[in-house]
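Residue strings, one per chain:
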Amino acid sequence: MLKFLFRRLLSTIPVLLVVAVLVFLMLRLTPGDPAAVLAGDAANTEQIAQIRTNLGLDRSIPEQFAIWFGHMLTGDLGQSYYYKMPVTTLIGQRLEPTLSLALITIVIAVGVAVPLGVLAAWRFGGALDRTLMGFSVLGFSVPVFVLAYVLIWIFSLKLGWLPVQGYKRLSEGLGPWLYQLLLPAITLSVIYIALIARVTRASVLDTLGEDYIRTARAKGLPEVKVLMRHALANAAVPIVTVIGIGVALLIGGVVVTESVYAIPGLGRLTVDAVLARDFPTIQGVILLFSFFYVMINLLVDLSYVFFDPRIRY
Amino acid sequence: MTPKSVVRRSLLAAALCSSLLLTLPAMAQQNVLKVVPHSNLAVLDPIWTTAYMSRNHGYMIYDTLFGTDENGKVKPQMVESWTESPDKRLWTFKLRKGLEFHDGKPVTGEDVIASLQRWGKRDAMGSALMQFVTKMDSPTPDTFRIFLGEANGFMIEALGKPSSNVPFIMPKRIAETDPFKQIEEHIGSGPYTFKRDEFKPGDKAVYLKNTKYVPRSEPPSGTTGGKNVYVDRVEWNLALRDAQAQLSALQKGEVDIIEALGFDFFEAAKTDPTIQLPKYSNYGLQYMARFNHLHKPFDNPKVRQAVIAAFSQEAFLRAQVGVKELYKPCGSIFICGSPYGSLAGSDLQMKSNMKKAQDLLKDSGYDGTPIVIMKPTDLASIQKLPDVAAQLMRQAGFKVDLQAMDWQTLVGRRAKKDAPDKGGWHMFLTAWQAFDVWSPIANPTTDTRGEKSTWFGWATDDKMVVLRDQFMRATDDVTKKKLADQMHARMFEIGTHAILGEYQQPMAARKNISGFFVTNGNIYWNLKKN
Chain S
1134 MLKFLFRRLL
1144 STIPVLLVVA
1154 VLVFLMLRLT
1164 PGDPAAVLAG
1174 DAANTEQIAQ
1184 IRTNLGLDRS
1194 IPEQFAIWFG
1204 HMLTGDLGQS
1214 YYYKMPVTTL
1224 IGQRLEPTLS
1234 LALITIVIAV
1244 GVAVPLGVLA
1254 AWRFGGALDR
1264 TLMGFSVLGF
1274 SVPVFVLAYV
1284 LIWIFSLKLG
1294 WLPVQGYKRL
1304 SEGLGPWLYQ
1314 LLLPAITLSV
1324 IYIALIARVT
1334 RASVLDTLGE
1344 DYIRTARAKG
1354 LPEVKVLMRH
1364 ALANAAVPIV
1374 TVIGIGVALL
1384 IGGVVVTESV
1394 YAIPGLGRLT
1404 VDAVLARDFP
1414 TIQGVILLFS
1424 FFYVMINLLV
1434 DLSYVFFDPR
1444 IRY
Chain W
4 MTPKSVVRRS
14 LLAAALCSSL
24 LLTLPAMAQQ
34 NVLKVVPHSN
44 LAVLDPIWTT
54 AYMSRNHGYM
64 IYDTLFGTDE
74 NGKVKPQMVE
84 SWTESPDKRL
94 WTFKLRKGLE
104 FHDGKPVTGE
114 DVIASLQRWG
124 KRDAMGSALM
134 QFVTKMDSPT
144 PDTFRIFLGE
154 ANGFMIEALG
164 KPSSNVPFIM
174 PKRIAETDPF
184 KQIEEHIGSG
194 PYTFKRDEFK
204 PGDKAVYLKN
214 TKYVPRSEPP
224 SGTTGGKNVY
234 VDRVEWNLAL
244 RDAQAQLSAL
254 QKGEVDIIEA
264 LGFDFFEAAK
274 TDPTIQLPKY
284 SNYGLQYMAR
294 FNHLHKPFDN
304 PKVRQAVIAA
314 FSQEAFLRAQ
324 VGVKELYKPC
334 GSIFICGSPY
344 GSLAGSDLQM
354 KSNMKKAQDL
364 LKDSGYDGTP
374 IVIMKPTDLA
384 SIQKLPDVAA
394 QLMRQAGFKV
404 DLQAMDWQTL
414 VGRRAKKDAP
424 DKGGWHMFLT
434 AWQAFDVWSP
444 IANPTTDTRG
454 EKSTWFGWAT
464 DDKMVVLRDQ
474 FMRATDDVTK
484 KKLADQMHAR
494 MFEIGTHAIL
504 GEYQQPMAAR
514 KNISGFFVTN
524 GNIYWNLKKN
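Line by line, the protein sequences give chains S and W. Here the first sequence is numbered in my numbering, starting from 1134 and rising by one per residue. Here the second sequence is numbered in my numbering, starting from 4 and rising by one per residue.
Think of the hints as simulated: they come from the structure by calculation, not from any bench. Any given hint might turn out to be false.
Claimed, not checked - A short list of chain W residues far from chain S (calculated; beta carbon distances all over 12 angstroms):
| id | residue |
| --- | --- |
| 1 | LYS100 |
| 2 | ASP106 |
| 3 | LYS138 |
| 4 | GLY152 |
| 5 | LYS175 |
| 6 | ASN231 |
| 7 | ARG321 |
| 8 | VAL326 |
| 9 | LYS354 |
| 10 | ASN356 |
| 11 | TYR369 |
| 12 | ASP404 |
| 13 | ALA422 |
| 14 | PHE520 |
Claimed, not checked - Quick partial rundown of chain S residues pointing at chain W, CB under 8 angstroms, derived from the structure:
| id | residue |
| --- | --- |
| 15 | TYR1215 |
| 16 | MET1218 |
| 17 | ILE1285 |
| 18 | TYR1394 |
| 19 | ILE1419 |
Unchecked claim - Listed next, with one range per pair, are the computed distances between beta-carbon atoms:
| id | chain 1 | residue 1 | chain 2 | residue 2 | range |
| --- | --- | --- | --- | --- | --- |
| 20 | W | ASN533 | S | TRP1294 | 24 to 30 angstroms |
| 21 | W | LYS124 | S | PRO1276 | 46 to 52 angstroms |
| 22 | W | LYS455 | S | PHE1202 | 49 to 55 angstroms |
| 23 | W | VAL217 | S | PRO1195 | 54 to 60 angstroms |
| 24 | S | PRO1276 | W | ALA383 | 17 to 23 angstroms |
| 25 | S | PHE1273 | W | LYS425 | 41 to 47 angstroms |
Cβ atoms here follow ideal geometry from the backbone N, Cα and C, with glycine treated the same way.
Construct the entire structure; sequences and hints are all you get.
Here's what the structure looks like:
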């Protein structure tokens, strides 16, 4: 197990290296000039050229790469062209809102979707199953921003229960933190509820036909125990995999939700950085996202051991 | 589940809910003004960049020597009085009493000189002024003098320039920063102090009332008059950029002012009893289409004139703004109703028709080269203009290659002088705030020195260069107005660019905010939150 863990951790290094090189090259090949963005609309060509020189963008691409890569090896992701701040500081400021949103979203999604999926499988083909699956299709189909506007209209403007926008840091208290994030998290969780519920249903449905389920029922176990301890536990591997993918997607894919609800997270930072051609920030954020993906995949793989004792590393 | 555990869980849930409810009331503080600016604030040096957000940040924390009132008249701000020698080559300015930087140090003539020197190296109008300046000095702490090699007629106009780059006054030690490097300290003598420790790019910027600021006694008007601050704190919400969410937040009272309300939400805001749409600008903004004069076919004035003739302003304004009361067609390059507003020569555009455009294009010998129009897809405020332009140009007989890209790609590409089929361009469309284009010197399209021009498009015309030069040297208002008219007519004659009409960008505010006045920009003094 430890050997596996060590091997997997080691394998993240070449993955991140490849990502680093690809991102660096792709950014240099895309159109757009960070200096022109920084200079403002009324700036002239000379001013833009001067800023380009100051940023080191007039150097050759290999030279720029060597400088950036050298710094990266020491943990320095460089300085944002746009904000003139260390990329690590910027990411540090934006990490908490995104992780908070992802955490609450996934808690809601799992808390709602797994029981619903189990129920749908248990009542396969019935009204409950069809209703839940109908909602699941709806959850997949409604764009996040539409759902966000509808929920804001209902819960913020009409009922006045929740705020329209903004973020409060955890250091300001658990209550304000949760209060601000509840609506965005509900909005974002809908699609994940739909996804996880469908996978749970399909997975539980498979296990419900197994011999050990029949045996459990023959033993006279209550149906709840049959479903939760035998069916769900044995169906857990695909569900955990989907949840893992969901978490990874959440961290990198919350941009629309962050924009509508004015949450200063990593998604918004990424979009701003891309629009401003802020190369160091884009590189830093994408490296971080890649790291998250690798780590979450690793955690998911490790979790298989607990759900399926047959799996050994 | 046992009854006990049910009770225990219910109690836990109730405790959590009540802890939430205790914190629910919006932490409304009556003296905090919450503003949603039109964009994100990234660069904190308003001399280093021309970005409007940086300029607006500048107005919060810095003061200016002169200001421009709501009618475009320049009036003293930090300056108490000034004199000019009979030959207009020596200008002596006296600073008013009580001017103090946020670090407690008095504002001196030395600070002013260092600030003007830095500004003169970055700003187009500042640079034009510095061509005349032979020396600046400060004989006493509250006085500074500007010596000119030759008299000019825009000294006060330049010092009172209201838009980017504004000659903000900084402490000498900060103003001595290389003009091509951003300043690190943000200390001014303006009505607010900048709360650097609370600044989070993309999230919020915070300004506190400068309690030591001594405002002028005149009523506020434009960037002139008393900068009275009636709130303790102004917070710029930099994260709230979704137009629909902005309006919802305003309706719920989570924010007090939306600086740039989307046109699509104008009617909804207008009918909301909790929202007001204060008039804050007499002049608004101007749309324009800029030609690349370096390449065929726009190196031919007849082709440019054909485009101008084809461009009906109403079509652009209706498509882009849509709200009739927010726009007006206008034939003045220097803004209708402004000090140099003129209609000289504008018949080509204002009385144009498609037949005329087609005839002009036929006469020009246009060879069917596809016109590369750059269309920004992510900038709602100008997004529709290129489609209208393409349609009208096709009707006139042009072949059009409408290329979609994001605004920042456009910004990078427009600086390229390469041929359009090698990564360059033929035309882009943009918008300017009125006071950026109302001066025949500051308006970037009046610079027609070809590749040496300071703005993209690189128009070439020696006659315009002479007229602009004469304008800079003219010292009486009658001559200046006459020269401005001549420049205006010449610009249509050579087709420097096409103007596409003027519009107002609506601002929306909660009804409990009072004290709005015509600022012609985004300024946050004199406002009260009741």
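Legend entry - Separation of VAL326(W) from chain S, once the least beta-carbon distance is taken, above 12 angstroms: 22 angstroms, holds
Legend entry - Claimed clearance of chain S by ARG321(W), with the beta carbon kept past 12 angstroms: 24 angstroms, holds
Legend entry - Least C-beta distance between ASP404(W) and chain S, which was stated to exceed 12 angstroms: 16 angstroms, holds
Legend entry - No chain S beta carbon within 12 angstroms of LYS138(W)'s: At about 25 angstroms from chain S, LYS138(W) clears the 12 angstroms cut-off, so the statement holds.
Inset, instruction - Check the following: the C-beta atoms of LYS124(W) and PRO1276(S) are separated by a distance inside 46 to 52 angstroms. - result: The hinted range 46 to 52 angstroms holds for LYS124(W) and PRO1276(S), with Cβ atoms some 49 angstroms apart.
Legend entry - Given as non-interface: LYS354(W), partner chain S, CB spacing beyond 12 angstroms: LYS354(W) clear of chain S: closest Cβ-Cβ about 31 angstroms, beyond 12 angstroms.
Legend entry - Evaluation of the interface hint that places TYR1215(S) against chain W, nearest CB under 8 angstroms: 5 angstroms, holds
Inset, instruction - Mind verifying the non-interface call on PHE520(W)? Its CB should be farther than 12 angstroms from each CB in chain S. - result: 26 angstroms, holds
Inset, instruction - Would you assess whether ALA422(W), listed as outside the interface, keeps its beta-carbon beyond 12 angstroms of every beta-carbon in chain S? - result: 16 angstroms, holds
Inset, instruction - Compute the least Cβ-Cβ separation between LYS100(W) and chain S, then decide whether it is above 12 angstroms. - result: 35 angstroms, holds
Inset, instruction - For the range 24 to 30 angstroms, tell me whether the beta carbons of ASN533(W) and TRP1294(S) fit it or not. - result: Given about 26 angstroms between the Cβ atoms, the range holds.
Legend entry - Hint validity - ILE1419(S) Cβ closer than 8 angstroms to any chain W Cβ: This interface hint is violated because 17 angstroms lies over the 8 angstroms limit.
Against the hints set out earlier in the document, violations occur for numbers 19, 22.
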